[in-house]
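Here is how the chains run, residue by residue.
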Amino acid sequence: MKRGLLALSTLSLALGSAWAAKIAIYPYDGASVLAGQRFDLRVEASELQGSPSTYRITLDGQPLSGFQQTSQGPGQAEWTLRDTFIRVGEHTLEVSVTDGTGESKRSAKWVARANPRLPRAPKNIILFIGDGMGWNTLNAARIIAKGFNPQNGMPSGNLEIETGYGGMATVTNSSFDSFIVDSANSASSIMTGQKVQVNALNVYPSNLKDTLAYPRIETLAEMMKRVRGASIGVVTTTFGTDATPAMVNAHTRRRSDYQGIADQYFGRGGFGIPLDVMLFGGSRDFIPQSNPGSRRKDNTDWIAESQKLGYTFVSNRTELMAAQPSDKLFGLFNLDNFPSYLDRAVWKRPEMLGSFTDMPYLWEMTQKAVETLSKNDKGFFLMVEAGMVDKYEHPLDWQRGLWDVLELDRTVQWAKNYAAQNPDTLVIVTADHAHSISVFGGYDYSKQGRQGVGVYQDAKFPTYGDRRDTNGFPLPETARGIAVGFGATPDYCETYRGREVYKDPTISDGKGGYVANPEVCKEPGAFLRVGNLDPASAQGVHTADPMPLFAFGTGSQLFNGLIDQTEIFFRMAQALGLNPYLEKP
Amino acid sequence: MRLMFLLLLVLGGLGWAQSPLEFSELYGRITIRGVEFSPKLQALNGKTVSMTGWMAPPLKPKLDFFVLTKVPLATCPFCSTAADWPPDIVLVIMPPGRAAEPTTRRIQVTGRLEIGIKTDEDTGFVSLVRIYADKISEAR
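First to last, the protein sequences are chains A and B.
The opening residue of the first sequence carries number 1 in my numbering; numbering runs sequentially from there.
The opening residue of the second sequence carries number 1 in my numbering; numbering runs sequentially from there.
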């Protein structure tokens with residue numbers, strides 16, 4: 001009898017939980033934030049029987065008020081508290097919602113960290129992101145740039161990225177909703193310390209329909225500007241509203257909200273904290289829809305508006321180099337992405353450049369950005385992205401991708417020198433995710449197709465550097481190169497060679513599937529590689545492989561060992577001694 | 001031979017003068033302020049032209065229009081949020097009641113040229129250059 005009662009009560013418990021409403025809390029259970037870091041607190045109840053009759057939300061046992069209650073649909077209720085923060089220490093948020101079937105409960109534990117101001121703390125951060133630059137990508141770029149002494153096999157040197165650092169780490173990453181990341185949520189983790197959904201920028205999940213209204217979490221750059229009055233900026237070789245540049249101050253569930261992201265750059269939307277320096281491509285999101293080529297759905301003209309707001313506007317390399325900006329600089333250098341370094345500096349094919357023949361190098365944009373931002377004695381945060389590395393790894397065009405790493409390396413060399421002369425500056429070089437790239441042999445370019453691949457002793461040594469371009473970079477055309485492949489691919493034809501006019505490796509079959517590009521398969525030595533990805537894939541993909549991190553200057557010693565990507569945020573804040581709870585604007 | 005999935009549409013008006021048009025001739029200049037139509041394109045507006053290119057991945061199941069591109073493309077910009085069209089593309093509108101058949105082969109499109117910004121209501125697709133097709137055939 002006693003046993004029967006126990007079974008019955010267990011059954012009713014199980015049934016009770018099946019009927020109970022579901023409750024979600026954001027920030028999520030287990031979140032770490034900085035004390036004083038702003039966020040939107042959101043509680044969502046679903047599968048409610050009728051409307052909730054009562055609800056109770058407490059923080060550390062004390063009732064929290066000020067929530068806006070909404071309902072996105074039948075059986076749903078939400079409570080939102082915008083723009084809040086927590087004090088240092090451990091906290092518990094408890095939620096109780098009562099509906100027709102009874103009470104449902106959920107709690108979330110959060111930790112708010114605080115940082116002491118160190119006597120020798122940097123006030124500036126230059127964060128370099130090699131998009132898609134995993135360890136293997138960096139390694140391949142070093143082999144091309146430095147190579148080996150063929151007399152004894154010793155490596156002939158390291159990249160600038162890999163030399164003279166004060167801290168070095170291997171970084172892992174993951175998403176809120178998957179263990180693979182995209183550039184948007186991975187960038188968000190670096191900038192907020194949170195796990196974020198794939199394709200989302202600096203927001204928590206929610207059931208909202210308006211992607212721009214999702215619960216926001218303040219970024220490091222936004223905090224630096226809000227509490228310290230620092231200047232913030234973005235430099236990249238992709239279109240300006242792309243996911244990685246958007247890490248600095250954009251907040252949206254959908255990285256393709258290009259117009260909304262462009263507006264947030266100027267302080268319209270999000271937390272309303274504008275960027276001071278923007279140098280990138282993708283003008284189509286900043287010109288009115290009446291201009292052919294615009295991607296906007298309104299007639300906002302940010303080229304004209306920016307100048308009214310006090311930005312110096314430049315549109316090519318000549319104008320950039322001549323500019324004498326006061327403290328705000330806006331540069332658009334292409335309608336879309338920049339062509340790759342090899343297209344701009346070496347091959348210069350009109351098919352690839354079009355009318356854009358006067359574009360700045362990444363190091364020129366970075367210098368001008370720092371020159372402008374450093375006029376603010378309260379400090380600055382600058383994110384510099386070599387964005388086309390990833391854009392060309394996706395279609396397996398490793399030559400274009402790797403030479404863009406060399407362009408990044410030249411840029412880091414300049415930034416290291418800047419940090420050496422300005423010891424209040426911390427320089428970090430890392431990636432947002434890896435690709436499945438690997439160097440497995442040498443390649444003899446006097447041969448074709450698979451016959452050119454040499455492994456083990458037949459790999460010999462690459463001869464890159466026998467000829468160099470005007471910037472001193474090795475030319476891709478040489479006698480012996482590297483054999484490079486990707487672990488995860490669609491169907492495509494391999495030739496082991498680059499091509500001066502880009503071709504997609506895989507094209508649509510017009511019926512929802514993809515096939516190897518027949519134009520590539522016609523090239524000498526080409527052979528078909530059947531893909532190992534879903535047949536609906538047209539390109540290579542991000543991987544779970546680890547990424548490098550190198551840090552230079554004051555605070556660089558904090559970056560050490562094997563760390564999760566969210567930790568980059570906390571260690572940058574620690575280096576700055578940033579305490580948004582105590583520091584007052 | 002599965003070539004017959006290619007649509008052959010021969011409507012009235014055979015023998016009209018048709019001007020060949022290359023993708024490289026579409027725009028005079030592309031600047032950060034947008035694209036400028038070339039003098040040749042402007043002169044041909046409203047006239048019959050023929051262009052050769054590739055059918056891009058379909059935007060929607062029923063192909064009453066499709067995008068013609070200079071080179072074969074992988075990306076379906078409406079399928080993948082981050083992808084982008086190259087600027088030199090042409091929207092091909094099928095005659096009323098006719099649908100295009102998907103193909104990976106190079107095709108030649110003949111029809112009336114129209115230029116200027118136009119937004120498709122169903123897909124939101126913004127086009128700058130359109131051909132109202134009379135005839136679509138496999139390119140030689």
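The hints are simulated quantities; they were obtained by calculation from the structure and are not laboratory data.
Backbone N, C-alpha and C fix where the C-beta goes; we use that ideal spot for every residue, glycine too.
Some clues are possibly wrong.
[As the list claims (entries may be wrong)] Pairs of lysine-lysine, DSSO-like flavour, derived with a Cα cap of 30 Å:
1. A/460 - A/511
2. B/70 - B/40
3. B/70 - A/522
4. B/118 - A/447
5. B/62 - A/348
6. B/40 - B/135
7. A/209 - B/70
8. A/511 - B/40
9. A/209 - B/135
10. B/135 - A/109
11. B/62 - A/511
12. A/447 - B/62
13. A/146 - B/70
14. A/209 - B/62
15. A/348 - A/447
16. B/135 - A/348
17. B/70 - A/503
18. B/70 - A/297
19. A/297 - B/118
[Said to hold, decoys possible] So these bits of chain A aren't anywhere near chain B, every CB distance computed over 12 Å:
20. 53
21. 74
22. 284
23. 308
24. 334
25. 355
26. 413
27. 417
28. 454
29. 501
30. 502
31. 518
[To be verified] Quick look at which bits of chain B chain A covers, simulated, 3 or more residues with Cβ under 8 Å:
32. 39-53
33. 67-73
Cross-check of the supplied hints:
Of the supplied pair hints, the one linking residue 460 of chain A and residue 511 of chain A is violated, its CA atoms being roughly 45 Å apart against a limit of 30 Å. Restraint check for residue 70 of chain B and residue 40 of chain B: satisfied, since their Cα atoms lie roughly 18 Å apart, inside the 30 Å limit. Our distance criterion of 30 Å between C-alpha atoms is met by residue 70 of chain B and residue 522 of chain A, whose separation comes to about 18 Å. The straight-line distance between the Cα atoms of residue 118 of chain B and residue 447 of chain A is roughly 50 Å, outside the 30 Å bound, and the hint therefore fails.
With a C-alpha separation of about 40 Å, the suggested pairing of residue 62 of chain B with residue 348 of chain A is violated against the 30 Å cut-off. Straight-line distance between C-alpha atoms of residue 40 of chain B and residue 135 of chain B comes to about 22 Å, which keeps the hinted pair within the 30 Å bound. Distance hint between residue 209 of chain A and residue 70 of chain B is unfulfilled; the C-alpha atoms sit about 37 Å from each other, more than 30 Å. Under the criterion of a C-alpha separation no larger than 30 Å, the hint pairing residue 511 of chain A with residue 40 of chain B is inconsistent with the structure, at around 34 Å.
The hinted pair formed by residue 209 of chain A and residue 135 of chain B fails the criterion: a straight-line CA distance of about 43 Å is larger than 30 Å. Pair hint residue 135 of chain B plus residue 109 of chain A does not hold up; C-alpha atoms about 66 Å apart against a cutoff of 30 Å. Proposed proximity of residue 62 of chain B and residue 511 of chain A is supported: the alpha carbons are some 11 Å apart, at most 30 Å. Between residue 447 of chain A and residue 62 of chain B the alpha-carbon distance is near 46 Å, which puts this suggested pair outside the 30 Å criterion.
The straight-line distance between the Cα atoms of residue 146 of chain A and residue 70 of chain B is roughly 38 Å, outside the 30 Å bound, and the hint therefore fails. A C-alpha spacing of about 28 Å is found between residue 209 of chain A and residue 62 of chain B, which places the hinted pair at or below 30 Å, so the restraint holds. For the proposed pair residue 348 of chain A and residue 447 of chain A, the alpha carbon gap of about 26 Å is at most 30 Å, so the pair holds. At roughly 37 Å between alpha-carbon atoms, residue 135 of chain B and residue 348 of chain A are farther apart than 30 Å, so this suggested pair is violated.
As the CA atoms of residue 70 of chain B and residue 503 of chain A are separated by approximately 11 Å, the hinted pair is consistent with the 30 Å bound. With a C-alpha separation of about 26 Å, the suggested pair residue 70 of chain B and residue 297 of chain A falls inside the 30 Å cut-off, and the hint holds. Between residue 297 of chain A and residue 118 of chain B, the direct Cα distance comes to roughly 12 Å. Compliance with the 30 Å bound is thereby established for this hinted pair. With a minimum CB-CB distance of about 41 Å to chain B, residue 53 of chain A clears the 12 Å threshold, and the non-interface call stands.
Consistency note on residue 74 of chain A: stated as away from chain B, and its beta-carbon is indeed over 12 Å from all of that chain's, at 29 Å minimum. A beta-carbon of chain B comes within 12 Å of the beta-carbon of residue 284 of chain A; the shortest separation is about 8 Å. At roughly 17 Å from the closest C-beta of chain B, the C-beta of residue 308 of chain A stays outside 12 Å, upholding its exclusion from the interface. Listed as a non-interface residue, residue 334 of chain A fails to keep its Cβ farther than 12 Å from every Cβ of chain B; the least gap is roughly 7 Å.
Not every CB of chain B lies more than 12 Å from the CB of residue 355 of chain A, the least distance being 5 Å, so the non-interface label is violated. With a closest Cβ-Cβ approach of about 29 Å to chain B, residue 413 of chain A is found to remain outside the 12 Å limit, as its non-interface label requires. The claim that residue 417 of chain A lies off the interface holds: its Cβ sits roughly 31 Å from the closest Cβ of chain B, which is beyond the 12 Å cut-off. The claim that residue 454 of chain A lies off the interface holds: its Cβ sits roughly 31 Å from the closest Cβ of chain B, which is beyond the 12 Å cut-off.
Listed as outside the interface, residue 501 of chain A is inconsistent with that label: its C-beta sits roughly 9 Å from the nearest C-beta of chain B, within the 12 Å cut-off. Distance check on residue 502 of chain A: its Cβ comes as close as 9 Å (rounded) to a Cβ of chain B, failing to clear the 12 Å threshold; non-interface status is violated. The Cβ of residue 518 of chain A does not lie farther than 12 Å from every Cβ of chain B; its closest approach is about 7 Å, which violates its non-interface assignment. With 0 residues carrying a beta carbon less than 8 Å from a beta carbon of chain A, the region 39-53 of chain B misses the three-residue requirement, and the given coverage is violated.
Counting residues of the region 67-73 of chain B whose CB lies closer than 8 Å to any CB of chain A gives 3, which reaches the minimum of 3, so the coverage claim holds.
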